[in-house]
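J.: Letter by letter, the chains look like this.
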Amino acid sequence: MQAPLPAGKLRMGLSGYSYDDWTGIFYPKGLAKSEYLRYYASKFGAVEINATYYRIPPARSFEAMAARTPSGFVFTAKANQDMTHARSRERSLYRGFLEAVDPLRQAGKFDGTLLQFPFGFRNEVRNRSHLAFLREQLPGMRLWAEFRHESWDRPPVLDYLRRLDIGYCAVDEPPLPGLLPPRAAVTSDAGYVRFHGRNAATWWGGGHERYDWEYTAEELSEWLDRIREMATAADHTYLFFNNCYMGRAVKSARLLGRLLGMEPELDLGLPGV
Amino acid sequence: MPALVAHVDMDAFFASLEIRSDPRLADRPLVVGGGPSGRGVVTTASYPARRFGIHSGMSLAEARRRCPALLALPVDPPKVMHESLRVLAVLESLAARVEAASVDEAYLDLPPAVPEAWAAVARTWGFRIRERVTAATGLSCSVGLAVNKLQAKMATPLGKPEGVTVLPQDAFLATFGEREVSVIPGIGPRTTRALGDLGILTVADLARAEPERLRTVFGRGSSVLVDQAGGRGGGTVVASGEEPPPKSAGHETTFARDRAEPRFLRATLWYLADRVARRLRRHGFAARTVVVRYKVGLSRYSRQRSLRVPTDLPGTLAAEGWRLLEPARAGRPLRLLGIAGAGLVPTEPQGVLFPEEGRRRGVLGAGDLLRDRFGEDALLPGTVFLTGRER
Chain C
1 MQAPLPAGKL
11 RMGLSGYSYD
21 DWTGIFYPKG
31 LAKSEYLRYY
41 ASKFGAVEIN
51 ATYYRIPPAR
61 SFEAMAARTP
71 SGFVFTAKAN
81 QDMTHARSRE
91 RSLYRGFLEA
101 VDPLRQAGKF
111 DGTLLQFPFG
121 FRNEVRNRSH
131 LAFLREQLPG
141 MRLWAEFRHE
151 SWDRPPVLDY
161 LRRLDIGYCA
171 VDEPPLPGLL
181 PPRAAVTSDA
191 GYVRFHGRNA
201 ATWWGGGHER
211 YDWEYTAEEL
221 SEWLDRIREM
231 ATAADHTYLF
241 FNNCYMGRAV
251 KSARLLGRLL
261 GMEPELDLGL
271 PGV
Chain Y
274 MPALVAHVDM
284 DAFFASLEIR
294 SDPRLADRPL
304 VVGGGPSGRG
314 VVTTASYPAR
324 RFGIHSGMSL
334 AEARRRCPAL
344 LALPVDPPKV
354 MHESLRVLAV
364 LESLAARVEA
374 ASVDEAYLDL
384 PPAVPEAWAA
394 VARTWGFRIR
404 ERVTAATGLS
414 CSVGLAVNKL
424 QAKMATPLGK
434 PEGVTVLPQD
444 AFLATFGERE
454 VSVIPGIGPR
464 TTRALGDLGI
474 LTVADLARAE
484 PERLRTVFGR
494 GSSVLVDQAG
504 GRGGGTVVAS
514 GEEPPPKSAG
524 HETTFARDRA
534 EPRFLRATLW
544 YLADRVARRL
554 RRHGFAARTV
564 VVRYKVGLSR
574 YSRQRSLRVP
584 TDLPGTLAAE
594 GWRLLEPARA
604 GRPLRLLGIA
614 GAGLVPTEPQ
624 GVLFPEEGRR
634 RGVLGAGDLL
644 RDRFGEDALL
654 PGTVFLTGRE
664 R
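Keeping their order, the protein sequence lines are chains C and Y. Each step along the first sequence adds one to the number in our numbering, with nothing skipped, and position 222 is 222. Each step along the second sequence adds one to the number in our numbering, with nothing skipped, and position 380 is 653.
Think of the hints as simulated: they come from the structure by calculation, not from any bench. Nothing here was measured: the structure is a model prediction, and the numbers come from that model. The beta carbon of each residue, even a glycine, is placed where N, CA and C say it ideally should be. Careful: at least some of the hints might be erroneous.
[Unchecked claim] Dumping the calculated DMTMM-like pairs for lysine to aspartate or glutamate here, alpha-carbon to alpha-carbon at most 25 Å: (1) Lys-9/C with Glu-404/Y; (2) Lys-352/Y with Glu-389/Y; (3) Lys-109/C with Glu-435/Y; (4) Lys-9/C with Glu-365/Y.
[Said to hold, decoys possible] For each label pair, taking beta carbons as the anchor points, the in silico distance ranges come out as: (5) Thr-407/Y with Arg-87/C: 31 to 39 Å; (6) Arg-89/C with Gly-494/Y: 56 to 64 Å; (7) Glu-222/C with Ala-409/Y: 33 to 41 Å; (8) Ala-64/C with Pro-441/Y: 36 to 44 Å; (9) Arg-463/Y with Pro-70/C: 40 to 48 Å.
All chains should be modelled from the sequences, with the hints used to inform the complete structure.
T.: Take a look at the structure:
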């Protein structure tokens, strides 16, 4: 039995909190949608906002989110697809993003932005320069880069990220050819892990089913040493579950919490989960 | 790859500590400094006090004249030390190399940033440093970020208090060119006057100055001046435990009133010699040379002699010191008295065996920095642990 990590080193949460198929699984039946976040924040200390990937909401939406969560609760947000997939150089896009999340920052509840790049974003000169451009456009903000393509799995990439002060996002995803393998690395002051599930059959099909995966204790145990390693190197490390199909992420988070010995802090109060 | 250095300066450190203990003081003009003597100087002025034109280094008497309602609190050394080390620990968790420049100032050597994103990376670091220091101590700080120590230090005051100031690469002259030369750290009133006599008033004037012209007045120091005016300099960030071995160790004290009694002076010398000796032993050095320093009125004097056998014993230091002092002062009353051991030689094998040891040395060094800050007028033993630098 290893010594438990110091409190506050790990922040566990889910990728998004507003899913209709979580009713009756995570959210009590009859709970109004407007109450989801408040309820979520009573169970988890962090959430990764995915909605920003599709559309940058107005600042007042974030203002409301800040108001619905207790102090100490933190948000990270996924960068808009125009930033990471379309590689837009439109400065107003970035200004708009900074303005939108500002209420969360003001409330001390915003901890950074996840840059999730598509499989087609390979380790090439123009893409590395896009990383530098993103850093330049989003100054003063924690950033993490999540790559899909295995060409980024090279030690010099980690050094490059360090010199951009961009964190490395470790991933658990299906062991498919070309995809980034699981690797523990910390390149800024905060670590980040995303668990996507390992559903190889549905991965390339896209859609909700991609994230239909129920982690076993054995699968998650592969991460224990990696997580400890990251938590030691970083000030704090996020563990986000994205296998959101039918609330599976909740169950996985609870399982990993138990394996890490952080169960008392993560009482999800779920019957049969 | 352009380097990235951060300079962290705690905002009104000594005063902020007092305000943290008693928040009711927040809006009052407040200074910390001086001693029971009443001869003291201001170590830190709170921001409300600064509105009266009060600043550190000013005499307490002058400060009181400017603001009769001024609250003056004495320095609380243990509290300051403790807090200073806490700040240092936070900074050390952020960068591999941290140099404590004084009790409330430090430099961080940060990973060199990718050139296209240099300024944004610098800003991110600045915010992070400020956030961490404040979260851990409840105190605010300002951060300057630039390509070297000199520029980082000069950037910090531009954002005070609570500011994060990034001085972009190649922006030095555009930012400071029109400012007076005295904006450069280390260029004091005398140098400023001497430069003024040569018609050199601004940083840009100095950067353009003919080295030949400067050399007649400043000798070998002139190239340093021109370098600084071009934003070059400050040296490398030296982490605690990595400092070059000390060249001398000394203690001195300023008296509340001038003193001439031999018994008193001799006892003081013993007291100071004992502290010097303890420090020498703690660091594993013996002194080959004994130096006494004293002030008569405002003039400073020093006398020194070499020993046949290097010593780390207080008795020897004090006896040699007294032998130097007594004839030299010729009965005149002293305002300040100090003794130092110089020409240090190691008494034990050198080198840090354990990392812990290096860290401990670093901590001791931080204590010395604190004492440096008290200055001569605090009536507390002022400690110097010179590393070959001009104080």
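J.: All hints are to be evaluated individually against the structure, with a verdict given for each.
T.: Hint by hint, here is what the structure shows:
1. Distance check on the hinted pair: Lys-9/C and Glu-404/Y sit about 17 Å apart at the alpha-carbon level, within 25 Å; holds.
2. Straight-line distance between C-alpha atoms of Lys-352/Y and Glu-389/Y comes to about 43 Å, which puts the hinted pair past the 25 Å bound.
3. For the hint pairing Lys-109/C with Glu-435/Y, the CA-to-CA distance comes to about 20 Å; that is within 25 Å, so the pair holds.
4. For the given pair, Lys-9/C sits about 18 Å from Glu-365/Y by alpha-carbon distance, which is consistent with the 25 Å threshold.
5. Our hint of 31 to 39 Å for Thr-407/Y and Arg-87/C holds, since their Cβ atoms are close to 36 Å apart.
6. Arg-89/C and Gly-494/Y have their C-beta atoms about 49 Å apart, which leaves the hinted 56 to 64 Å range violated.
7. Taking the beta carbon of each, Glu-222/C and Ala-409/Y are about 34 Å apart, inside 33 to 41 Å as hinted.
8. For the hinted restraint 36 to 44 Å between Ala-64/C and Pro-441/Y, the CB-CB distance of approximately 37 Å keeps it satisfied.
9. The beta-carbon spacing between Arg-463/Y and Pro-70/C, approximately 58 Å, falls outside the hinted interval of 40 to 48 Å.
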